[in-house]
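Whenever a hint applies, use it, and build me the whole structure from the sequences.
Taken in sequence, the protein lines are chains Y and Z.
Its first residue numbered 1, the first sequence is counted upward by one per residue in UniProt numbering.
Its first residue numbered 1, the second sequence is counted upward by one per residue in UniProt numbering.
No lab work stands behind these hints: they were computed from the structure.
Predicted model, so just to flag it, every value in this text is computed and none were measured.
Some clues are possibly wrong.
Straight-line distance between alpha carbons at most 35 Å, and here's what the computed DSBU-like set of lysine-lysine pairs gives [said to hold, decoys possible]:
1. Z:153 <-> Y:299
2. Y:188 <-> Y:299
3. Y:240 <-> Z:102
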Amino acid sequence: MEYLDFELPIKDLQEQLEKCEIIGKESDVDVTQTCKQIEKKLIDTKKEIYKNLTPWQRVQLSRHPNRPYTMDYIKALLGNTFLELHGDRGVKDDKAMVGGLGKIGGQSFMVIGQQKGYNTKTRQYRNFGMSNPEGYRKALRLMKSAEKFGIPVLTLIDTPGAYPGLEAEERGQGEAIARNILEMTRLKVPIIAVIIGEGASGGALGIGVGDRVLMLENTWYSVISPESCSSILWRSWEYKEQAAEALKLTAPDMKKLKLVDEIVKEPLGGAHSDRATTFITVEKAILNAFEDLNKLSPKELVQQRMNKYENMGVFKG
Amino acid sequence: MAWFKRKTKGITTATEEKKDTPKGLWYKSPTGKIIDTEELERNFYVSPEDGYHVRIGSKEYFEILFDDNKFKELDANLSSKDPLNFEDTQKYSERLKAAEKKTQLKDAVRCAVGKSKGKDLVIACMDFAFIGGSMGSVVGEKIARAADYSLKKKIPFLIISKSGGARMMEAALSLMQLAKTSVKLAQLADAKIPYISLCTDPTTGGTTASFAMLGDINIAEPGALIGFAGPRVVRDTTGKELPEGFQTSEFLLEHGFLDFITQRKDLKDKINLYLDLITNQPIRA
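Below you can see the structure in the form of structure tokens.
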């Protein structure tokens, strides 16, 4: 397990606890009481740290190297029913965007999401979760296919942004995202979008328009990353903490602004500290949302979705 | 006797007697051509020497496209709030005030309906002068309402993009304007009302990732910068030198993202020709 700077007190206690347990096993000294005390302290410390997370700390958590990624959710929720589908039918198969069919609780879903890597090699292979236009076009192809057969769409969002590359521009990164956003506003099947990590701007929204948009507790979603915002508005990379604060990018902020529908609670210590519980909570939230949406006719569904997005924005006059 | 000898020392002209050089008497195009501003205006703000299309705002585009410059402005009084109390090196609320003062505009888009070649046309035109033409809640709402007007009255819709992208100071609220405007364009499309997107210099970021690329036709003025990521970001990310003409109108036409490029002087004709053709009406002279 890797630890973030603000998690270090947790790491210390975790190590103390392990040592204590080893002593207990290897010697005759009764350490039950000491271990219990450390354990209690560990939980208290976690509670204390996680109660007061700053927006920037949440951004750090959303990028935690041990955080579950899209394929982890797919494995946990869909298991061996998952059938991966590849390619945009034009240029290539984008490895930063995965998709396919599978069952959650007996219901088929078309699942689409950005995928990051877990070591240097796979990170490069997945292009750090930054899709090219082909990724968005593959996603749209799968959504259209789902619509044709009345299968609901589930998108899992975790991207530092759409890839700002030369070829991406040549092949119309902007157009690809724009097309997805427009088509998603009128897709005739339920769309549930879950922000599981990073929700960076158009790259996220390109698969993020939904009837229900859920946000895990320690994720971020905004128009720009705090680092880029800092570099543009403050003309320095040093103001990322302030930028994270100013952008109101956390789940509670986004819920308050009515830009997402629901916050999904993470276990104490974050999604990475207890993956099993995270998967169960997320699955429940998805199925709950689907149960509501499944009652609506395609027409009602699209109408409600459009109304929701039409009402976003704050202005005078 | 030296004719140039000063009789009295220093400058003696009183401030109120000083004559101002008329502002903007001359315009210098990027290739260094000097043009008389009146001539520039007569030439649709295009340099007659090198064809350079000078950046202009909604006022000028309305003048070019509406017959006799007659139009009714829609939702002219919408203006921005500061819902996030956003502050970087400056408060957003102050930025707004300064922009309003500098530009005499309420926000970065103006919408209007009027006759173009005798037929109704709704135009939403962005103003780059207002915080870089950035799209926040007001831009999204005004475009949505203008599209609604088109929808109700069955009038073709034109958006003239000139924008650096979403407005950071409204964070995710501005991001969601991409979805909001797309909802309206989807409704226009379902109602089979033509929507033309004109990309002008510059059209980048969130604008490109939404309405600018979603026209029944996407067209552009020559030499405009059009792209998703800005050229500097692309260069910094990839570490590659950018090819000449990267992300220009001509580049996008070549890669299949524009239907055609039009000179500003032909803009009114071309737009109305397309509308006559796509709606199967007699072609207006």
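| message | Please verify whether residue 153 of chain Z and residue 299 of chain Y have alpha carbons no more than 35 Å apart. | response | holds, 23 Å
| Is the Cα-Cα distance between residue 240 of chain Y and residue 102 of chain Z 35 Å or less? | The given pair, whose Cα atoms are some 30 Å apart, holds under the 35 Å limit.
| query | Are the Cα positions of residue 188 of chain Y and residue 299 of chain Y separated by 35 Å at most? | reply | Roughly 7 Å between the alpha carbons, so the hint for residue 188 of chain Y and residue 299 of chain Y holds.
No hint from the list above goes unmet by this structure.
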